[in-house]
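This is what each chain is made of:
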Amino acid sequence: MSNVAFSETGPARKNWVERLGIGHILLALFLLIYPLIASDFFLTTIGGYSMVLGMIALSLMLLAGYGGMVSLAQMTIAGIAAYVIAIFGENNSNVHGFGWPWWIAAPLGIFLAAVFSALFGWIAVRTEGIYTIMITLAIATAAFYFAQQNYTLFNGFPGYSGLRAPEAFGVYWREPVPFYYLCLSCAVIAYAAVLYGSRSTFGLTLQAIRDNPRRMRAIGYDVTAHKVFAWFLAGIIAGTAGVLLAWFNGRISPGTISVGPAINILIIAIIGGLRHPIGPFVGAVVVVLMQTFAIDIVGAERFNTLIGLFFLVIVFISPDGILGLWDRFKPAPDRDSWHSRPDGTGV
Amino acid sequence: MSFPDSTDRDPFAASSGMTRRQGWGVVALLAAAVLLWLFFAPWPAWLNAVLLSKKAFLSAVLNGLTLAGLYFLVASGFTLVFGLMRNVNLAHGSLYLLGAYIGYEVANWTGYWLLGVAAGFVVLAVVGLVMQVLVFRRLEGDDLRQTLVTIGISIVAADLMLAVWTGTTYQILVPDWLDGAVKTPFVTAYRSNGAAVFLTYPFYRLVVLAVAIVIGIGLWLMLNKTRIGMMIRAGVDDREMLSASGANVHVIFAIVFALGAGLAGLAGVVGGSALSVAPGEDVRYLLASLVVVIVGGMGSITGAAIGALIIGLAEQIGLVYFPTYGVVLTFIIMVVVLAIRPQGIMGRSQ
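Residue numbers (numbering that gives the first Met the number 0), protein chains in the order written: chain A, 0 to 346; chain B, 0 to 349.
Think of the hints as simulated: they come from the structure by calculation, not from any bench.
Treat the hints loosely; a few may be bogus.
Sample of chain B residues facing chain A (criterion: CB under 8 Å; computed from the structure) [said to hold, decoys possible]:
(1) Arg85
(2) Val87
(3) Val148
(4) Ile293
(5) Val327
(6) Met333
(7) Val334
(8) Ala338
Covered stretches of chain A, going by a simulated chain B footprint (3 or more residues, C-beta under 8 Å) [stated by the list, open to error]:
(9) 144-150
(10) 260-269
Restraint-style ranges between C-beta atoms, simulated for each label pair [said to hold, decoys possible]:
(11) A/Gly155 / B/Ala30: 33 to 41 Å
(12) B/Val213 / A/Gly161: 48 to 56 Å
(13) A/Leu324 / B/Val250: 34 to 42 Å
(14) B/Trp176 / A/Leu324: 58 to 66 Å
(15) B/Asp141 / A/Gly161: 44 to 52 Å
(16) A/Leu288 / B/Val335: 41 to 49 Å
(17) A/Leu19 / B/Asp237: 48 to 56 Å
(18) A/Gly155 / B/Arg20: 43 to 51 Å
(19) B/Gly217 / A/Arg163: 53 to 61 Å
The beta-carbon is built from N, C-alpha and C at its ideal position, and this holds for glycine as well.
With the sequences and hints as input, model every part of the structure.
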């Protein structure tokens, strides 16, 4: 906490390089010129997909890292947005598909995802700590079975296919380069928003509630409202990622929101690290790369064993994920620019 | 409805407790009378119209009861482990499925179904013991990491089980003396010649229910009447104090974990004989255990029984009366319980 106070009230005028941090600038430069050096496969299936998964994991990091609420329902929330654009937008499954334009369907999907997220949050925050994982897992599993069994609303097992990304401003946004930049801009906005929000009054209040809900209640804060609002914000991020995911896959089915993918999001966030918003993206890149190239090592069949073991190793040796490893071994001098966050943001 | 620990939890309610208890007694009697009437009396036409048919309703209730028995077997281990160690074992579904596979192999190999059941219990108890000693003892006091580890274990276990037993659906064969259908004393209809038609029901499912009840009573006796049970209850209430008063907490943890895992394995064999064994069942029973203990209250065997009863009945009745929305019914029950009593029906507030 003192760290933040220092960075805000300390030397008043910093130049923009210091404010952003050299790490951020180098990363941004690399990500901007990435399409020049990457093939279409690396651009979309690795780059774009990592950003999408990273955003969903970021919504989990926001809840877990700042709010102390580890949720397994983030994929479900993303799935709600995807289902909404499938139902209200266009699909070729001949069920629903009202053909609303993307600029209505996508915001509606994101909004509904956020509303459901707040609802899940309201259910989950009635209990504390480890219960949240259980309740959100129950919600995610129930949602999966419901989507699979119900044909009138979710079109059951096959789900919806033929979802098309919009063609706007003369660009078809599912083309590799536009899709990459679309994902990149969404991810950067979400990342910056979480980073900025974590130092806002709301963010600091949320972290204080995480550290001691009782004391915060005693000094007059509405603990439940703050937590539910955090869920709403996380829902916006996850919902945006859900829309991108639907455009990326071109389809949405119960398989996308089943328990495996839901747990995958948690794995991504934990592997990356929950202490800083960059963690989920690091985790997403690692997991997507493993997913893509592990097939050559262990075969497509045993991929889950590999990722599961890797996850176990990370949990055992470094509770803060790859970021924790980085903290331990990185050169000391550039500590502060990368560390512009409150300490002890772990769960 | 009066539960054994509802009085010792709130000593001040004892003086005014009689009238309240009497009130509940009347409600329970009325409910029992209505149930008896529903089960035994021939139904008037309007009731048949509302509830499809007496046969459908009775089958749904009986299926719900037997499913509740199965859920109780799975969830009781889960709730015991949680209550004592504050350890959410999300690999519990995997233990169920592994027990089912092992039971299948042993029953097939030896030809004795009972040996399969015993193997399911023993092998899984050993697995649970190993998990406790090698994994959870190292992460003691760190709830979140323990939970994350169980998630990792469940992923690896599901994948390895898929590798060994492939995606095929197995059916554990029930021995002849448990097979077949029995006539129940419930009359579902009358033929035109006046002869009563009795409902028949698979005998094995009734056996599942009986096994669950016997094990439930056994667990209750163990927890409430034995020395080890006393230690477990003390550990649920205050782990540090128990440890300070000289009990070897680690031995108790190991026993409880082995018992919980063994029960999951046993449920796997018993359930795999009633239904089927296939990948994906682990998630199904994990969800069932989660909802059962959320509804019933963490760490309480009685709570697990009540939760299992509610969820099992809701699931089967939902299946008959609102197909495809049955899961929503389960979900609504969970939400309502959380809204009214966040710690679960029999749970204690932390």
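Results of checking the hints against the structure:
The closest approach between the C-beta of B/Arg85 and any C-beta of chain A is roughly 7 Å, which is under the 8 Å cut-off, so the hint is satisfied. Nearest Cβ of chain A to the Cβ of B/Val87: about 5 Å, under the 8 Å cut. The hint holds. Of the supplied interface hints, the one on B/Val148 holds, with its beta-carbon coming within about 6 Å of a beta-carbon of chain A, less than 8 Å. Here the hint on B/Ile293 is kept, as its CB sits about 6 Å from the closest CB of chain A, short of 8 Å.
Of the supplied interface hints, the one on B/Val327 holds, with its beta-carbon coming within about 6 Å of a beta-carbon of chain A, less than 8 Å. A least Cβ separation of about 6 Å between B/Met333 and chain A falls short of the 8 Å threshold, and the interface hint therefore holds. The restraint placing B/Val334 at the interface with chain A holds, with a minimum CB-CB distance near 6 Å, inside the 8 Å limit. For B/Ala338, the suggested interface contact is upheld, since its CB lies about 7 Å from the closest CB of chain A, less than 8 Å.
Given as covered by chain B, the stretch 144-150 of chain A passes the check, having 5 residues with a CB less than 8 Å from a CB of that chain where 3 are the minimum. Using a Cβ-Cβ cut-off of 8 Å, 4 residues of the stretch 260-269 of chain A lie near chain B, which meets the minimum of three, so the contact claim holds. Range check, A/Gly155 to B/Ala30: about 37 Å between beta-carbon atoms, so the 33 to 41 Å window is met. As the Cβ distance of B/Val213 to A/Gly161 is approximately 54 Å, the hint placing it in 48 to 56 Å holds.
The supplied range of 34 to 42 Å is met by A/Leu324 and B/Val250, whose beta-carbon atoms lie about 36 Å from each other. The beta-carbon spacing between B/Trp176 and A/Leu324, approximately 59 Å, falls within the hinted interval of 58 to 66 Å. Look at B/Asp141 against A/Gly161: about 46 Å separates their beta carbons, and that is inside 44 to 52 Å. Checked against the given bound of 41 to 49 Å, the beta carbons of A/Leu288 and B/Val335, roughly 44 Å apart, stay inside it.
Between A/Leu19 and B/Asp237 the Cβ separation comes to about 51 Å, which falls inside the hinted range of 48 to 56 Å. For the pair A/Gly155 and B/Arg20, the supplied restraint of 43 to 51 Å holds, since their beta-carbon distance comes to about 48 Å. For B/Gly217 and A/Arg163, the Cβ-Cβ distance of about 60 Å falls inside the hinted range of 53 to 61 Å, so the restraint holds.
Violated hints for the displayed structure: none, as all numbered hints are satisfied.
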